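For the protein sequence lines, the chains are A and B, in the order given. Okay, so the first sequence: first residue is 1 according to our numbering, each after it adds one. Okay, so the second sequence: first residue is 570 according to our numbering, each after it adds one.
In short, the hints are calculated from the structure, not lab data. Since we're looking at a predicted model, the values are computed, not measured. Heads up, some of the hints might be wrong.
Claimed, not checked - Listed next, the stretches of chain B that the computed footprint assigns to chain A, with coverage defined by at least 3 CB atoms under 8 Å from CB atoms of chain A:
no.: 1; region: 646-655
no.: 2; region: 685-691
Said to hold, decoys possible - Simulated crosslink set (DSSO-like; lysine-lysine; CA at most 27 Å straight-line):
no.: 3; chain 1: B; residue 1: LYS641; chain 2: A; residue 2: LYS288
no.: 4; chain 1: B; residue 1: LYS667; chain 2: A; residue 2: LYS310
no.: 5; chain 1: B; residue 1: LYS651; chain 2: A; residue 2: LYS143
no.: 6; chain 1: B; residue 1: LYS667; chain 2: A; residue 2: LYS143
Glycine included, each C-beta is placed from N, C-alpha and C at the ideal position.
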Amino acid sequence: MGQMSGAQMVCEAIVAEGVKTVFGYPGGAIMHVYDEIYKQDGFEHILNRHEQASVHAADGYARATGDVGVAMVTSGPGFTNAVTGLATAYMDSIPLVVISGQVPSSLIGTDGFQEIDAVGISRPCTKHNFLVRSLEELPRVLKEAFYIARSGRPGPVLVDIPKDITVDIGEFEYPSSVDIPTYIPTYKGNAKQIEKAVEAMKLAKKPLLYIGGGVVLSNASELVRELANKTQIPAVETLMARGVLGAKNPLLLGMLGMHGNYASNMAMSETDLVISLGARFDDRVTGKLSEFAKYADIIHVDIDAANIGKLVDVDYPIVGDITEVVEAMLPQLDGIDTDRFEAWRKILKRYDELHPQSYVDSDEVIKPQWAIERIGQLVGEDAIITSDVGQHQMWAAQHYPFDRPRQWINSGGLGTMGFGFPAALGAKMAFPEKTVINVTGDGSILMNMQELVTAAEYKIPVINMILNNHFLGMVRQWQTFFYEKRYAETDLSFQPNWKALAESCGGIGYDVTTKEEFDAAIKDAIKQDKVCFMNVIVNRFEDVLPMVPSGGALFNMMLPETTKKEGEA
Amino acid sequence: MQKSLDETLNERRVISVIVMNESSVLSRITALFAGRGYNIESLTVAPIPNSDMSHVTIATNGSTRVIEQITKQLHKLIPVYKVIEHEEMIEKEMVLAKFPIGESLADISVLASAYNGGIANVGKDMIIVMVTDEPKRIKHFIEAAQRYNPCEIVRGGVVAIER
Chain A
1 MGQMSGAQMV
11 CEAIVAEGVK
21 TVFGYPGGAI
31 MHVYDEIYKQ
41 DGFEHILNRH
51 EQASVHAADG
61 YARATGDVGV
71 AMVTSGPGFT
81 NAVTGLATAY
91 MDSIPLVVIS
101 GQVPSSLIGT
111 DGFQEIDAVG
121 ISRPCTKHNF
131 LVRSLEELPR
141 VLKEAFYIAR
151 SGRPGPVLVD
161 IPKDITVDIG
171 EFEYPSSVDI
181 PTYIPTYKGN
191 AKQIEKAVEA
201 MKLAKKPLLY
211 IGGGVVLSNA
221 SELVRELANK
231 TQIPAVETLM
241 ARGVLGAKNP
251 LLLGMLGMHG
261 NYASNMAMSE
271 TDLVISLGAR
281 FDDRVTGKLS
291 EFAKYADIIH
301 VDIDAANIGK
311 LVDVDYPIVG
321 DITEVVEAML
331 PQLDGIDTDR
341 FEAWRKILKR
351 YDELHPQSYV
361 DSDEVIKPQW
371 AIERIGQLVG
381 EDAIITSDVG
391 QHQMWAAQHY
401 PFDRPRQWIN
411 SGGLGTMGFG
421 FPAALGAKMA
431 FPEKTVINVT
441 GDGSILMNMQ
451 ELVTAAEYKI
461 PVINMILNNH
471 FLGMVRQWQT
481 FFYEKRYAET
491 DLSFQPNWKA
501 LAESCGGIGY
511 DVTTKEEFDA
521 AIKDAIKQDK
531 VCFMNVIVNR
541 FEDVLPMVPS
551 GGALFNMMLP
561 ETTKKEGEA
Chain B
570 MQKSLDETLN
580 ERRVISVIVM
590 NESSVLSRIT
600 ALFAGRGYNI
610 ESLTVAPIPN
620 SDMSHVTIAT
630 NGSTRVIEQI
640 TKQLHKLIPV
650 YKVIEHEEMI
660 EKEMVLAKFP
670 IGESLADISV
680 LASAYNGGIA
690 NVGKDMIIVM
700 VTDEPKRIKH
710 FIEAAQRYNP
720 CEIVRGGVVA
730 IER
């Protein structure tokens with residue numbers, strides 16, 4: 001393509017990769033690239049008001065679309081601000097390419113202005129990272145960065161580019177393919193292992209599909225729905241897999257884990273065969289490991305071999321892409337006796353009737369669970385729901401009727417407060433026609449509230465539904481249960497005027513204290529072309545239940561009041 | 570159906586890692602060990618002749634599950650080409666030791682040759698010996714050498730090759 005500067009090469013690569021939106025924040029070391037961004041029209045650039053938000057926005061974009069998200073930051077503090085974003089994406093295996101400026105090559109190692117060892121800092125929170133050494137290797141590095149980010153188990157990749165390399169001029173030819181002899185992901189599962197696993201499924205009495213975020217990442221939801229349907233094996237979803245089977249699917253028991261529902265956690269405790277698809281046995285899912293799926297053999301399908309056998313012993317390890325493995329399984333399951341699992345399904349149904357996912361509604365005050373259910377009724381299948389981290393996140397995961405993958409966007413692995421709002425911006429940029437609601441809390445929202453300005457400037461009308469209990473609610477809940485109600489630094493009674501705050505940044509504010517106000521606010525907000533804060537005052541001391549205390553066995557759940565009276569536990 | 574491997578069993582393992590010979594590859598490996606809490610007993614690295622790869626030899630220890638994780642996590646690093654968990658191997662370590670010239674040259678020479686070594690240098694004030702042997706025997710050599718008042722002992726780390 002001829003002679004051009006390193007900065008131009010960066011822009012050309014972004015265009016060649018089909019990226020339409022880049023999120024970022026300029027600064028000294030990345031200025032040449034921004035100068036090229038100014039001149040080009042191949043992609044749009046969104047100026048967030050903090051680098052962390054840029055990476056989260058690119059992350060939200062990636063989660064909503066399945067494509068690689070791109071963020072751009074400068075050296076030093078620009079990069080360090082981006083680290084939380086990288087770590088968030090890393091823990092949830094989200095494909096990102098983050099491009100950071102670096103001080104000129106000649107200054108590296110001299111403690112120059114805004115110099116920090118970006119590859120050193122980001123090593124444990126990226127899938128891979130590059131410090132570009134020369135202009136000649138820049139096109140190859142960019143190509144490899146995108147390839148590594150999206151292939152295998154996806155993840156964020158950092159490309160750190162010294163300023164002089166963005167200035168230098170050289171020959172640009174974007175490679176059409178990559179050749180990394182040391183990196184060859186395994187997609188196809190071992191045929192013999194798959195065969196054995198299928199046999200085990202046919203012979204099981206109480207099998208259970210344990211569905212994780214890998215199914216979303218692999219775009220395998222349709223196949224997994226087919227698998228469930230064909231075998232009539234009941235299923236549980238992790239936090240990251242909400243929407244894979246769809247809320248209406250009768251085989252779906254719900255979410256399992258620390259805040260899983262009764263039937264899901266009991267199913268995992270009593271099953272004789274766990275069929276794990278793209279899940280990684282996180283401690284928030286398993287509870288006490290020695291009691292987890294104690295009576296079961298385990299089939300573990302994962303594209304990352306290191307996940308297999310990391311926490312539990314696996315009887316049928318299958319390294320491969322969920323799509324390819326399930327595709328191989330399906331024909332072998334022809335004629336499977338689905339009646340075989342009828343008794344098991346009945347037991348689980350009975351469990352769900354005993355202790356359904358429930359809460360006590362109120363006419364006095366808005367219950368946060370009601371608010372979630374209500375948006376489910378009003379926007380349901382169409383909306384994209386992002387969330388921050390805390391009680392609101394769990395209520396959303398428990399009560400929203402997620403119907404499709406990529407409808408639910410949250411920071412599961414790292415648990416990053418402040419993720420939801422910028423991620424919502426990314427999702428809305430990807431799907432402008434969809435309603436995007438960030439379910440958040442009065443704690444989390446303040447951690448990236450500067451994005452009000454971004455959203456207002458670019459007219460990105462996302463709805464921030466603040467479930468306001470004037471507490472850091474999840475920590476408060478633990479203090480109630482485990483710290484004798486000593487509410488150390490969790491009382492958030494001192495608050496901004498949310499409506500005025502939103503309005504001062506060019507958005508809309510709604511103060512909501514009744515169900516009528518709630519309906520009116522959400523219906524109005526959906527029609528607006530402006531970002532909004534919906535300040536929903538909810539019951540202060542509402543708890544997220546059921547709850548498995550940290551380190552406890554999954555079947556030892558604290559259950560909501562109402563169900564305790566009727567049930568046996 | 571046993572839910573956890575024996576976590577208490579601590580075994581010593583030697584792992585060879587074949588990596589692309591590029592900058593920061595060694596820090597990726599050591600950072601992985603540090604970040605995930607694995608032990609490094611010894612680590613050696615050198616380029617493989619006539620290739621763009623390097624051979625890293627790591628002696629480590631841990632439970633079966635930890636050793637398995639080390640292997641898998643190493644393999645996940647992008648510049649890592651191959652990870653060999655040695656079973657049947659020849660394992661050697663080199664050591665250099667410096668003794669005062671006043672000690673018995675003959676005794677030290679015999680000791681060194683008993684451990685596959687010899688005198689490497691004799692200077693005005695010091696004798697330097699070099700020994701290459703299995704790590705276990707190197708330990709014995711160092712114990713035995715104590716009676717000759719060594720001034721300095723430098724161990725080279727383990728290298729291994731599959732039989």
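Against the structure, the hints:
Remark: the region 646-655 of chain B is confirmed as covered by chain A, as 4 of its residues place a Cβ nearer than 8 Å to a Cβ of that chain, reaching the required three. Three residues within the 8 Å Cβ limit are the bar, and the region 685-691 of chain B against chain A gives 0, so the coverage statement is violated. With a CA separation close to 24 Å, the supplied pair LYS641 (chain B) and LYS288 (chain A) stays within the 27 Å bound. Between LYS667 (chain B) and LYS310 (chain A), the direct Cα distance comes to roughly 45 Å. Violation of the 27 Å bound is thereby established for this hinted pair.
This hinted pair checks out: LYS651 (chain B) and LYS143 (chain A) have alpha carbons roughly 23 Å apart, not beyond 27 Å. Taken as a hint, the LYS667 (chain B) and LYS143 (chain A) pair is broken in the structure, with Cα atoms around 52 Å apart against an allowance of 27 Å.
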